Structure formats: C-alpha cells, structure tokens
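Asks: Put chains W and V on the given structure of chain F with help from the hints.
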Amino acid sequence: MPRELDYRRVMKVLGSREKFAQGDVACAYGAILGGCDFFAGYPITPATEVAEAMAALLPRLGGAVMQMEDEIASLSAVIGAAWAGSRAFTATSGPGFSLMQEGIGYACMTETPCVIINVQRSGPSTGQPTEPAQGDMLQARWGTHGDHEIIALAPASVQECVDLTRLAFNLAEEYRNPVLVMTDGEVGHMREQIVLPAEDEIELVQRRPPTDEPGAYVPFRAEQGSVPEMATFGTGFHTYVTGLTHDERGLPATDDAEKHTKLVRRLVDKVRDDTERLTRVEVDNEKGAKVGIVSYGISARSAVGAVRIARGDGRKISHLRLISVFPFPERAVRDFASGLDRIIVPELNLGQICHVVREALEGEAAVELVSRIGGEIIPPEEIVRALVEGGEKV
Amino acid sequence: MFNQAKKIRDKYIREEMWPSIFCTGCGIGNILNYTLRAIDSIGLDIDRTVFCSGIGCSSRLPGYIEADGLHTTHGRAIAFATGVKVYRPELSVIVFTGDGDMAGIGGNHFIHAARRNVDMTVICINNYNYGMTGGQVSPTTPAEDFSTTTPYGNLEEPFDLCRLAIGAGAPFVARWTMGFPYETIAAVESAIQTKGFGFVEILAPCPTGYGKANELRDAPANWEWYKKNTITRIDLAQLSPDERAANRKIVIGTLWQEEKPEYVERWRKLVSRLQADDEPVPPT
Amino acid sequence: MKKEIRICGFGGQGIILAGVVLGEAATRAGHRAVQTQSYGPESRGGAARAEVVISSEPIDYPRVSRPDVVVALSQAGYDRFGHDVADDGIVLVDEALVEAEGVTSVPFTTTAEEVGRKIVSNIVMVGYLGALIEVIPHDVLESTVLANIPAGTEDLNRKAVTAGRDLWLNRAGGNDAS
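Protein sequence lines correspond, in order, to chains F, W and V.
For the first sequence, the tail end lands on 1706 under our numbering, and the numbers increase by one without skipping.
For the second sequence, the tail end lands on 341 under our numbering, and the numbers increase by one without skipping.
For the third sequence, the tail end lands on 259 under our numbering, and the numbers increase by one without skipping.
Careful, some of the hints might be misleading.
Unchecked claim - Only part of the chain W face toward chain F is listed, based on derived beta-carbon distances under 7 Å:
#1 Asp-125
#2 His-128
#3 Phe-137
Said to hold, decoys possible - Calculated from the model, a selection of chain F residues having no Cβ within reach of chain V, i.e. all distances over 12 Å:
#4 Glu-1364
#5 Ala-1368
#6 Gly-1458
#7 Glu-1535
#8 His-1667
To be verified - Among the chain V residues that face chain F by a calculated CB cut under 7 Å, a handful are:
#9 Gly-104
#10 Glu-105
#11 Thr-108
#12 His-112
#13 Val-115
#14 Thr-117
#15 Asp-141
#16 Tyr-142
#17 Pro-143
In case anyone wonders, no lab produced these hints; they're calculated from the structure.
In this text the structure is predicted, and so the values were computed from the model without any measurement.
Heads up, the beta-carbon is just placed ideally off N, CA and C, and yes, glycines get one too.
Looking at chain F on its own, in the form it has when it is part of the complex (with noise of 0.2 Å):
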C-alpha cells in the first residue's frame, strides 16, 4: 500500500494538470490521486465511464482493475482487498448500489476502509437508465440493515469529482468505514474544466498500523468513539475478521447483550461523534433575507442559478449547498436556518433530504419542496418561482 503518491508517475500516465473532462472520468482521477491501487466494478450505466477509465489507466500504475461478475462480488473484491492493505473502490448506480447494501453493512461491521460511488439515476427499479436523479439519498444513509453510520459526500460539479473522491479516500482510511461519494447522471456525464491537484497538494491519510506486535495487537480495541488500528491481512497478526458482533479481539460475541451494545455504539459514534468535523458545506448568507435554499449535487446548480435570477430581481436569498450529506450536518443547516422562516430544498427526487432537513430544524422554518423527476434537472427558474409562490410544504 503507498504511503506516499508517487505523484511523477501518477501524472506521467494521467496526462495534463488542466483537463476538460467528464464526471465520471474524473472520478477515476480523484482515485487516482487518493491512492486507489484496486478497483473492481461491474458495467452499469451511467457510471460504467469509471471502470472504462480505471481500467485503462490503473494497471499502468501497478494497480489492479477487475471487472467481476456483478455488484455484489465488486463490492465484496474490494472490500478483500482492503483487508490485504488495499486503498479499493467501486462504482456503480441506483440497481447496483441496492445490490450492494449487504457489503456496506459488512464494512461497517469490519469497519473495512472503502469507497463506493453511486452515479444516481432515475428510479425505482431499472427506471430511466440515462437520466440524473437523486433518488437513493436515503438509501445511502439506510440502505443496510441494522444500526451504522455512513459518510456521504456530492459533488456537484466535475472538478468536484476529483476533489470529493481523492477527499473520500482519506475519510475511508481515517474512520475505518464505508464512504459514499453520491453523484448523479448529470455530473457524471457532464463535461467542465477540471485542475488537478499539485504535488504538495496531495496527502495520503492512511489507517493507522498497529503499535503493538503481533499477540500483544487487540484488533478491535478502541476507546468509545474511536477508530482501532487496522493490520494488514499477510503481516503476521492473524486477525480475525467477522460480521458477527465481535469482541475487542474480533471473536463471536453473539450472545453479549453488552459487548454488541458497545461495538454497535462505538461504530456508530466514531462518526457521529465527528459530525462537525466531517462537516463540509458552503454558505452563502444574505443579511436581511427569509427564505433560504438546502441543496445538494446537481441540484445545487440549478440553485446556484436561482440564487443569481432572484438576486437580480431584487430578492433577497440565502443559499446553503451540502457538500457532506452523512452525517447530516445538522447545526450548520440549524445556524443556516436561524432567522430564516422557510427554507427550500430543491431535489431530483419526490423529496428526500428535505425529510432531513425538517427533521434538523424542529420548526425554526418552514421548509418547502422543488422536486423534478423523469431526468431534467431543475430549471432555476422553478426554484425562482417557489420562492415567490411557495414551494411544496414538506
């Protein structure tokens, strides 16, 4: 496993630094320049461009690319190859990502360090395979049984891709758990202008080895809320590894009322507990306004856009885009919503995150709906015209 890029090489086979490309493609890049050294994906549309990518560029680095005979078998490769020191992700969309829900429970379980992109498109079921939604928002954060936390990321730009990947990487490695980075069929198709980072740029967090030798090492043995050093499978430290609740020594312990509430509670603190600090969101105030966009991914432009007509008629408006999604950032969004009395959450879907968002602010403001599905992301003029008219009460 690197433990630092080898940022030559890497960019000897990425090419420029400035680049005019798809989302998904940038993905791969922002793989890349995490230090993803295996990926293992299955062909599904629209996110099958980041196992084009991947396969064509990582073998060139060492690392390796397989495409396995389903969602399911992706997710499990990859999390086998973390346990063998591995930085692995996999991408896949909507079909895919229920597919592999089981895998995400596990690695929360194992607290495996992995990254899975879902370039979301129009549901349910196979749905409209080429169009955008945002759909599976509440799935990425319950999609799998059980209690758990996730770490769910949007991008909602290309350059955001490379950005929130690489970012998505080091969050996997830090806290030993799943991280979703949430795209959409429209990021992820789309092209922009994209700056890839510069050496000194770059740093690689990695899970922390043992301090202990082998026999000495309890695998499992973390303060509450707190992440345990990882071994790597092949070193000597004969970890066992199990989806079973466990002991601090990674045993069974199915019949410990305690010990599962301690391990289940330690899971779910470790980043719950770091709300704030996995917090990452962007703000735009303006003083005097009352109304308020939440958004999030593609979503987010179209507020962009919003925000830029309204203030041009004269309107006063807030704008605040989700960056993190899991573990919702619920104090930012509250202290966002102080003095506004109605907040709007535009979503490619009949209303997901705006559930979130109500809950988070316990009436400090109305909160509306645009919701848009069948594939065109929102005109900013429907958000324009829910501020004035009032969106759909949530």
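Replies: Just chains W and V now, with coordinates in the frame of chain F:
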C-alpha cells in the same frame, strides 16, 4: 495419529475459540484437521495465509485457526478472496465453504472464479443441506430426500459440484468423503499447490440436519452410506463399459487436473508490459 | 459573454462529439464551458442532444436555458427544439435532413461528402459554429478537433472543420472571408 493431532492443534488452533460449535458426528471438524495437516505437510507459511469463508457451519472454520481470517457474507467468500489474492499475490488464500453457501447463493461467484482461474483453494464441505439454519434443502440435496423445507421430499435435482467446477474451468478438481483422511489431505495439498483455482469437495455428515431427516442419525450410519454410495475414479475405471454406464455411485478421487494460465500471473504480465511505457493510453 | 448552443438529432450523428469539441475548444480559448448531453440507452437511433454553455463567468446551471444557437440534424429534433431560441438567436438545420421554414439551412452533410466522407458532417458543423459564435479562434478549434478524432483521420477532419468555417464566412449576406 494422536500425537500428530496435538501437535497440529498446538500449532494452528486459536485456543480462545475452542471448543468448536460442531455437533456430534459432524464432519467439519475432521476437515479442519485434514486441512491443517495438509498445510503443515507442505510447509505453508501461516503468516502469509488468509482463510476466507461465507456463512454456515463450514464457514466457521477460519475462526478456529490462528491466522488471518475473513468471515464474510453468505455466498460471497470467493469474491472477497479474489480481492485478497489479486491485491497480494504472494499470500495463499484458502476458502472454506459449504454446499449451500457456495452453490446456492454463491453459485455465481464460484463459477466465475473457476473461469477466471484465480489462484486460490476452495474447500467445499458438502453435507447436503443448510445445516446452521436447521437443515433446509440445498442445491446438492439428492432428489426425493427430506429436509425442513422439503417435508414431502425434494422435487429438485442436485448439482454435481465437481462437474460444475470442471465445466467452469477449474484446473484441479477432487472429491472425497471425510472417511478418506489421507486422500483428502493429499487432495488439499494438491489444490493448494495448483497454480489456479483448486477445488476440493468433501462429503461430510450432518447428523443433526440432513442426517436426522434421512435416516442417517449418527456418524457410523453416514460412513456406511458413503462406503455404499461412492466409488473411486480408479475403481470406476476398472469396471466394464456396461457397468460404468450403469454406475449411480458418486465418483470420488482426483477428477480433473490440467495446467492453464492463471489470472494473477496474467495480470502481472500486463502490468510489466505496461511499465515498459511505450503503449498509448486508451482514450478516456 | 455567454453563448448557449443546443445541437439535436439522433444517435450516431456525432452530436455529442461536436458538443465536446466546442466545449473543450472554448476552454482552451480561455473561457469557461460546460458540455452536457441527453440520449436514450440505444447506441444508434434514438434522440440525441448535446448542449454547450460558454461563458466568461462561472457557469451555475449547466444546461441551455436561452439558446443562442439551435442546430437540428433531424426532423424530429427540429420539431422538438427548433422553436425554442432566443430572440436574437439563430436556428440552423442540415439542408439534407430537415425541412423547415424561416431557418438557416446549411449543407453540413453535402459539404462533408465533398470533403471526403459524410461521417464528418458533425465536424463541418463544428467549424461553422465556431466561426458563428466568434469566441473561439479557428486554430484553437482545429487543434481541439484533431485531439478528439481517431489517429489517421487528421487530414479529413482538418478539411472538414475548415470547410465548415468557410461555409459561415462565405454565406449569403455574410461578411467577407477573413
């Protein structure tokens, strides 16, 4: 034999996990024994060995071995193992799985890993049912047999796991019953030493589940059944063509052995070739 | 400065490549650009649409909202998109493929055939559009085309993009060629 057993136990068993969960008359413990003897005999470096498993009684085996173990999700061990092996080719990867785990929910991963010919050893303990969940029918349960989900008899035909493995492309395929310790140990050794997907199916009793439903309630009854219903490949070859054609016994032995290109080797060759640097990057 | 271009037709006409080239060339010329597309799951046939927004300011909404230029390369594309254009915008159709009134008919396909192959009609169109919108120098456009076409077809594509530019410059009622 007993001194050997203690030596093996001291050397390889994770003491904190002992005693095992296995029922009286279960064959899985025996197979743990044979596997450990096999790796001991060929001198496998236990620090460079990873045991993977899915879900089921057979899949509990990695927990008993003092080594890196990956106890994964139902049916997916072989896919996890693929990631481990491809990322760290120098590690030996051994998968413990069962008939339900591997050939039911895991069927797809099984045939693809065999097809790809990833270097790993898969030991499939076939006890003709889903034992851990109480004895439901599995893809290898013989037709007309009873189980908790086939109380009137199984309406389906079973897989022949070895034929499946051969058909999928595995370069080493063997089947024994747990009544053949030395042959099983030798088969596991060969599978580990095979450069590619080495598959060993071992028939083992489940007196609590399948056995109870089908008049095989203890170990001796099961061993008798194996004796009566299996025939070695070599013995089969001695029969006349008519007898061979009429044979309904399960064939055991080394059933397939060939040399063919292995996946990791091919990938490494590709990486070397690409380091030479003069090939254009395919367009992205 | 903002230019919004919408190109529509059916899959297989190289519409998306045209959009990509225009967007990329615009960035090489120092502007900001976003290129998007819509299409169905089929590889060939099916409606296809590419949009390019070129701007001197950061682009928020990435799609075309007020098209300055609409290019229709199929009757269905024209029927669906040909009537939505800015007041001072222009609607272009391929002379050989679309029947329409009150729009500018351009011989993209015919010119491509003259240049050598019908398949480069999208590159002819790119050359035409580049000259029309005036914000991308032709040499930048040409080098972008060459960076995006298969090796061995440079000559053909160079001719095509230049022929497209010349179509615009030499158009009836237009400026003299520069």
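Asks: All the hints need checking, so say for each whether the structure fits it.
Replies: Verification of the supplied hints:
| no. | hint | result |
| --- | --- | --- |
| 1 | Asp-125 | holds (4 Å) |
| 2 | His-128 | holds (4 Å) |
| 3 | Phe-137 | holds (4 Å) |
| 4 | Glu-1364 | holds (15 Å) |
| 5 | Ala-1368 | holds (16 Å) |
| 6 | Gly-1458 | holds (35 Å) |
| 7 | Glu-1535 | holds (44 Å) |
| 8 | His-1667 | holds (25 Å) |
| 9 | Gly-104 | holds (6 Å) |
| 10 | Glu-105 | holds (4 Å) |
| 11 | Thr-108 | holds (5 Å) |
| 12 | His-112 | violated (9 Å) |
| 13 | Val-115 | holds (5 Å) |
| 14 | Thr-117 | holds (4 Å) |
| 15 | Asp-141 | holds (4 Å) |
| 16 | Tyr-142 | holds (4 Å) |
| 17 | Pro-143 | holds (6 Å) |
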